[in-house]
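Residue numbers (our numbering), protein chains in the order written: chain A, 1 to 1021; chain B, 1 to 509.
Just so you know, not all the hints are guaranteed correct.
[To be verified] Some chain A residues close to chain B (C-beta under 8 Å, calculated; not the full set): (1) Leu490; (2) Thr544; (3) Ser575; (4) Ser606; (5) Asn669; (6) Val670; (7) Phe673; (8) Ser680; (9) Phe900.
[What the hints assert, rightly or not] No more than 30 Å apart at the CA atoms, straight line, and that leaves these computed lysine-lysine pairs for DSSO-like: (10) B:Lys263 to B:Lys211; (11) B:Lys211 to B:Lys145; (12) B:Lys500 to A:Lys722; (13) A:Lys781 to B:Lys500; (14) B:Lys504 to A:Lys841; (15) A:Lys863 to A:Lys760; (16) A:Lys699 to A:Lys132; (17) A:Lys751 to A:Lys863; (18) A:Lys826 to B:Lys478; (19) B:Lys504 to A:Lys781; (20) A:Lys396 to A:Lys261; (21) A:Lys760 to A:Lys132; (22) B:Lys500 to A:Lys841; (23) B:Lys478 to A:Lys841; (24) A:Lys722 to A:Lys751; (25) B:Lys504 to A:Lys848; (26) A:Lys722 to A:Lys699; (27) A:Lys848 to B:Lys500; (28) A:Lys848 to B:Lys478; (29) B:Lys211 to B:Lys237; (30) A:Lys324 to A:Lys46; (31) A:Lys760 to A:Lys633; (32) A:Lys751 to B:Lys500; (33) A:Lys760 to A:Lys968; (34) B:Lys288 to A:Lys552.
These aren't lab readings, by the way, just hints derived from the structure by calculation. Note that the structure is predicted; figures quoted are calculated from it, not measured. Where a beta carbon is used, it is the ideal one built from N, C-alpha and C, also for glycine.
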Amino acid sequence: MKQLNSNQSNYLRTWQGKLLFFILTAFSLIGFTQKSNAQNITITGKVISDSGQALSGVSVAVRGTNAGTATNTNGEFTLSAPANGTLTISHVGFTSRTVPINNQQTLTITLSTSAVTALEQVVVVGYGTQRKRDLTGSITVISGDEVANRPSVNPVSSLQGKVAGLTIVNSGQAGASPTVRIRGVNSTNNADPLYVVDGILQTNIDYLNQADIESIEVLKDPSSIAIYGLQGGNGVIIITTKRAKRGQTTVSFQANVGIQKLNNKVKVVDAEGFKTLFARQLQNIGAAPFDFTNYTANTDWQNQIYRTALISNNSLSVANSSEKSTTYFNIGYSNQQGILKYDNYKKYIARLNQEIHITNNIRLGGEINGFYWQQNPPVGGVQNGALWAAPIVPVKAGDGVYYSMPSFQRAQVGNPVAAIDLENGNTLNSGYRVTGNVFAEIKFLKSFTWKSTFYTDLGFNQTRGYGSLPFHFINFGEGATTTDTSYNNLAHTSVNQSQTLYKTYQQDHTLTFDKNLKGGHHLTVLAGFSTLYHYNEFTNGNRTDTSLNIPKNSIFWYLNTAQQSNPGTFGGGASEDASISYLGRVNYAFQNRYLLNVTFRRDGTSKFSPSRQWGNFGSVGVGWVLTDENFMKGVSWADFLKLKASWGTVGNGLNIGNYLSYPALNNANVGIFGNNIYTSVVAAYVPDPNLHWETVEGKDAGFELHTLKNKLNLEVDFYDRKTHDILTTITLPGASGNTGYFTNLGTIDNKGLEISAGWKDRVGTDFSYSVNGNFSVNTNKVESIGNNINFQITNGINLTQSGYSIGYFYGYVQTGIYQTTAELDKTPHMSSSAPGDISYKDVNGDGKIDQNDRTYLGTPFPKYNFGGTIAMGYRGFDLNVDLQGVAGNKIYVARRTATFATLNYEVNRLNAWTAAGTTNVEPILDNTRANNYLFSSYWLEPGDYFRIRTLQLGYTFNTSRSKNSAFKMLRVYISGQNLATFTHATGYTPEVPVSDPVTAGADNGVYPVPAIYSFGVNVTF
Amino acid sequence: MRRMNNNFLLIAGFSIVLLGGILAGCKKDFLNRIPLGQYTTNNYPYPSGGGPYDQYVFAAYAGLRTWETSVFGFVGAVSIRSDDADKGSTAADAPAQIEMDNFPVTPTNGLTNDLWTGYYGVITKCNVVLDQVARDSANTPEPTKNLAKAEARFLRGYSYFMLVRLFGNIPLVDTVLTNVGESNISQSAPAAVYAFIEQDLQYAASILPAKWDVKYIGRATSGAANGMLAKVYLYQKKWGQAMAAADVVIGSGVYDLNTPYDKIFTEDGENSSESVFEIQAYADANHKEDSYGVQYANVQGVRGTDWNDLGWGFNVPSAQLDAAYEPGDPRKASTILYAPSTAPTKYGEVFPVEPNPRYNEKVYTNPTVRAAVGDRFGWWMNIRILRYADVLLMYAEAANELGGAANTDSALSKLEMVRARARNGNNAILPAVTTTDQGELRTAIQHERRIELAMEHERFFDLVRWGIAANVLHAAGKTNFTPGRDELLPIPQTQIDLSKGVLKQNPGY
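Sequences are here, hints too, so could you generate the full structure?
What follows is the structure, given as structure tokens:
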């Protein structure tokens, strides 16, 4: 028996054990509370509008419980409720009402059209909800409809341009996740935000069906984020998926299908241009002319590797609701081809959500979401390859026989088409992911709600791949050499497999007290407890078959195909982390006028040593609704005016390593003696025993104004967000060599202003329109990054140091081109400068140009983000236009800077200097002049762009006139995305990678963002 | 109402039990997560018979296989700067190496920073070993500790010797730096650095074994320490000590010249009886181009386009070197690989026209090994750092500089040993040097060093220490070479910036 007990308690310590224990507990609680609902009466009623029309689909709920229903098409409802209870009646577009039952069995309730519906909107905040009018923080809500119709496979990418203070950098790669930054970059580490999907904390939402999202909330300021404590430092994006609405049964289908096209090719010279420029370059170097005799082709390599590609998104959902339960079921399928040949991504999704209202006070529910994806990834590097390959070479001679590049780039630049064709279908990536939760919610003593939820997220990704035999290449004869065909006979076929397992377990328990007290006090108190556990594990291997040629057929692509004596490498590893959190929040409102929000969270994490594991975070927010004050009653210009301010601290512990308090051991430093290999492990860096997380301290102040009869609304926020104790691996000056020191160092500050404005009006009865715009400006400054040493993080292009913005471009300033020797003599120059070279600014004025003349050249991060939406409706027609852009950043054209071989020229080089007076921008065609390749403003271009993001024209069929119509709603639309981008940037797209804060902004062959032309349909039955 | 209260109590009770249970179950162990699938210094199972310091010592050796220490910046600074080598590759490739070839090397040249951080990285790893030994509270036997210290001090001495020759004025660090504030150390003059190196190498020479078990072939020996020490003395013109240290190596009986010159640099010639110290590298089908090997041969390999694409083609023998050989000297064919080939190579390969007419044959790999590894880029090639012939020539140079009939005789005999091996029985070539004139013999020894050790990291440093760098380099067309500046590399600007100006730039930059 003793034995058994100990087993039992061990079992309880496991996650499964706890889950089961909790479920049993929850069910036993239900049994106890079942009896308390004896005093209910049955109420029938009708809801009408102030103009007397019956309102259907109105939500009728018993306050303080989960009981509720919705009105039918005649506006009628039937409901069981306590005789002394209160009903809450709410409907979109109408002001909500609370009606005491007072033992009445029949009720007629009139709703008046709402003046300030947007303010009554309920916003999901961490571990609860709040009315928008009561918020003291800065939260932007995006309705699911705004992303559902966009031709994109990843829901986040459709947020671009919609939210002030949110920067999104999209990629054109099929299924790719965009880079997301909220209010600037606040760390030298990963600055990705936290995603919270129906309560579970996530690092990405790739697994969601974008048509299945109810709303997206972007939490920007500390008083909103503080409830997420250590995880929230980079901002939080809350996703709420769709649920069945009470009292409805609907089937809806959404689909769109489109084609994607490369609409901005990089302008490179053609064969004739190449021959001219290369000949001139050889002449300038003093080299012998190149023999072009056999090179008669004129190939546009970009046309060869890009294609017109298909994209489609499909979603079918069924929602059903009865008195006691709601069910929501969704399946989705998306397929995106990349415009880079053979790139393909497919995702399949199924989600089931079920809630059971056991009594009016007890709700149980659960959800399971299954996700499967498949990918044929694109071949890397060919985006640049197509720009670099000489246009004078033809593509291929036949099956498996391609032309190689001319000798001046043969070993450095491969035939881009050969690279794509060789890898076509050689990598099969796929993955499964299941997320789910079960919860129980109990309301008791009218004002209390206890909710417990267990979440899990299980992922399993796998890759199988194949290494082909190379193609044969025809090398054209040049001068004395003759044309021949070559083949790399050292190559063998190989196979590889890798598998990765992810597990996340999370539990949340919250107790909420919510009560209107006498005298106009409203109090909401939340207390909670949460734990989170992550685990991942991977194994991988590859084997090269040195005796047989494995066929290019995926049935053979398993390690055991190649017998075991063949060479191969194999690997595997695992990692885990855990955290425990206590959280609390008080929301207090006095007469709806004075608002107070106080948040606290205490987090413990396994990522740091036990002495530094725990941290406290918190915030205070205040709001003042002036328009509810007596002295404002006579003021006609403001329909609603709220002032708000908040302060808080959060942690930035989301994206840091798991074992920071242990010195990471690097076992690559093996000892080699002769042909003997000896294991050696040594600390990869010198650890700091006091290591702790980064802390973000934020201040926010702003106002919200509704005016001109609520037609115009305006929200303005100022913020100042400071990250302290940034975790950084630094290289100590010389002394420590290349061994890093990992420590908390430095402060980064982001200050900014966000403005959102909306105008909504109606002209006559048929035409309505709205205009929404947002604008944000952010200033980033690294305030300190080490004191005794002048610590910098630099890759020679970007520099991060005190007093400047993070990762700024640091180099020489081009003033022009040295035109003549005479000019050279009287101008400061480098000792190696000659006429035709870039002239640099003598920044320190010492009469010579050297490393001390390097200076600030700009930032890779946009200072300004702006976006807007124009929507118009006329009868059944609707037109939506999304606009979006950024300004104030620079792009480094890294793709042009390679000197390791002679590459094809971009058209700017047609204007290269040839003699005095020819140009003051483009240096001479001579790639041996190293001084022209120093990093300078010559290699930067403005990153500003303005884009017509979406243009969508839709028609909604009037189904109310034909009562027998099979549809409740039917809308068809045509849509264009990324139709035009106005920019001075010369790359495929001005959206260059900024994911690594300290080396951002380089265009080194980015994946083009395509234009998408699509057709879609939404039907509800 | 009474019932409700009861229910509330029940719920509250259950909640507390539930919460308490979860907390008790979690709190202690839940946040305690030890790295999975990875050793820490606390749980590393030391191999039986292996010392607790081997892992740290091996990491220091591994530091010599890196890009920073022994690859691109290394060949640039020790060879491309000299008159024996041109930059190679294609005209525009690697602006940083163009600077090495033509002078001046600018302070922002990335290769200088590579060298700086690379060698200081090795020094840090050595300091870690010494720190571990000093803090050893277990009953580790004294000889084990001393051996670890000796290996660390040998590698540290070698690293400082490279740094002092490259940069001149450098910070001396002999402890593990963990405090950001204390890590900013000012430079010491070369004389102080040399004194420090001497102590390290003297200690290493007194402890290290003359030979290691064959399974540890290539590990630092007392011969390596004495040989390196001889070179350190030579650079300071301490002729007597140089001769004595070289004599210890010669008298050890461990080394000989029995390996034919054309075999020394092949895969078969690795760790031959001539090898005093070489950086060990390894590659096989599973480790073609990774940290087990070194990219040294890859960056110098023939820049072909097909089977003949053996590398990037940097650091190619110059026309001046080509012309410097005495008639018929067979060492030329073992040093210079011509493209197009004038005759099939020793492995029967025939190279077509390549971007350069000459490549470094001392990194030319065996096609059989290439096929076995399944790779053409030579990451398996060891780097010969110190050869017995070098020790003999150091002895000859020191003896000649000391002067006196006995020393001159001794110098001549050591010189002849080297030439005799090169002659390989063909008495029609490379006549024995017989002059007893100190100046003439000096010239002969300098010539012999150039030829015997061509493309082997000695030439530029030799020119500088002989005081003839400006004359020779100007004659070779490197007219930008400015005496008083270009003998040393600039202190990397990155390091000066990091130090907030505590590090001072070398003169002339």
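Here is what the structure says about each hint:
Restraint check, A:Leu490 versus chain B: the minimum CB separation of about 5 Å is within 8 Å; hint holds. Hint on A:Thr544 holds. Least Cβ distance to chain B is approximately 6 Å, under the 8 Å limit. With 8 Å as the threshold, the beta carbon of A:Ser575 comes within range of chain B, its nearest partner Cβ sitting at about 6 Å, so the hint holds. Evaluation of the A:Ser606 hint against chain B yields a held restraint, the C-beta minimum of about 4 Å falling below 8 Å.
Interface hint status for A:Asn669: upheld, as the beta-carbon distance to the closest one in chain B is roughly 4 Å, under 8 Å. A least Cβ separation of about 6 Å between A:Val670 and chain B falls short of the 8 Å threshold, and the interface hint therefore holds. For A:Phe673, the suggested interface contact is upheld, since its CB lies about 5 Å from the closest CB of chain B, less than 8 Å. Look at A:Ser680: its Cβ gets to within about 4 Å of chain B, closer than 8 Å, so that hint holds up.
Contact between A:Phe900 and chain B, as hinted, is supported at the beta carbon level, the nearest pair being about 5 Å apart and thus within 8 Å. Pair hint B:Lys263 plus B:Lys211 holds up; C-alpha atoms about 22 Å apart against a cutoff of 30 Å. Straight-line distance between C-alpha atoms of B:Lys211 and B:Lys145 comes to about 18 Å, which keeps the hinted pair within the 30 Å bound. The hinted pair formed by B:Lys500 and A:Lys722 meets the criterion: a straight-line CA distance of about 25 Å does not exceed 30 Å.
At roughly 20 Å between alpha-carbon atoms, A:Lys781 and B:Lys500 fall within 30 Å of each other, so this suggested pair holds. With a CA separation close to 25 Å, the supplied pair B:Lys504 and A:Lys841 stays within the 30 Å bound. Restraint check: the Cα-Cα separation between A:Lys863 and A:Lys760 comes to about 29 Å, which is no more than 30 Å; the hinted pair holds. Simply put, A:Lys699 and A:Lys132 have alpha-carbon atoms about 20 Å apart, close enough for the 30 Å limit, and the pair holds.
A hinted pair counts as satisfied when its Cα atoms are at most 30 Å apart, and A:Lys751 with A:Lys863 qualifies at roughly 11 Å. Annotation: proposed proximity of A:Lys826 to B:Lys478 holds, straight-line Cα distance about 26 Å (limit 30 Å). Of the pairs offered as hints, the one joining B:Lys504 and A:Lys781 holds, with about 29 Å between alpha carbons and a cut-off of 30 Å not exceeded. Under the criterion of a C-alpha separation no larger than 30 Å, the hint pairing A:Lys396 with A:Lys261 is consistent with the structure, at around 24 Å.
For the suggested pair A:Lys760 and A:Lys132, the alpha carbons sit about 18 Å apart, so the restraint of at most 30 Å is met. Our distance criterion of 30 Å between C-alpha atoms is met by B:Lys500 and A:Lys841, whose separation comes to about 24 Å. Of the pairs offered as hints, the one joining B:Lys478 and A:Lys841 holds, with about 28 Å between alpha carbons and a cut-off of 30 Å not exceeded. Of the supplied pair hints, the one linking A:Lys722 and A:Lys751 holds, its CA atoms being roughly 8 Å apart against a limit of 30 Å.
A threshold of 30 Å between alpha carbons decides the hint, and for B:Lys504 with A:Lys848 the separation of about 19 Å falls inside it, so the pair holds. Distance restraint check for A:Lys722 and A:Lys699: the Cα-Cα separation of roughly 9 Å lies within the 30 Å cut-off, and the hinted pair is therefore satisfied. This hinted pair checks out: A:Lys848 and B:Lys500 have alpha carbons roughly 22 Å apart, not beyond 30 Å. This hinted pair checks out: A:Lys848 and B:Lys478 have alpha carbons roughly 22 Å apart, not beyond 30 Å.
Distance restraint check for B:Lys211 and B:Lys237: the Cα-Cα separation of roughly 29 Å lies within the 30 Å cut-off, and the hinted pair is therefore satisfied. Proposed proximity of A:Lys324 and A:Lys46 is supported: the alpha carbons are some 21 Å apart, at most 30 Å. Proposed proximity of A:Lys760 and A:Lys633 is supported: the alpha carbons are some 24 Å apart, at most 30 Å. Annotation: proposed proximity of A:Lys751 to B:Lys500 holds, straight-line Cα distance about 28 Å (limit 30 Å).
Restraint check for A:Lys760 and A:Lys968: the C-alpha separation of about 26 Å stays at or below 30 Å, so the hint holds. Annotation: proposed proximity of B:Lys288 to A:Lys552 holds, straight-line Cα distance about 24 Å (limit 30 Å).
Every hint from the earlier list agrees with this structure, and none is contradicted.
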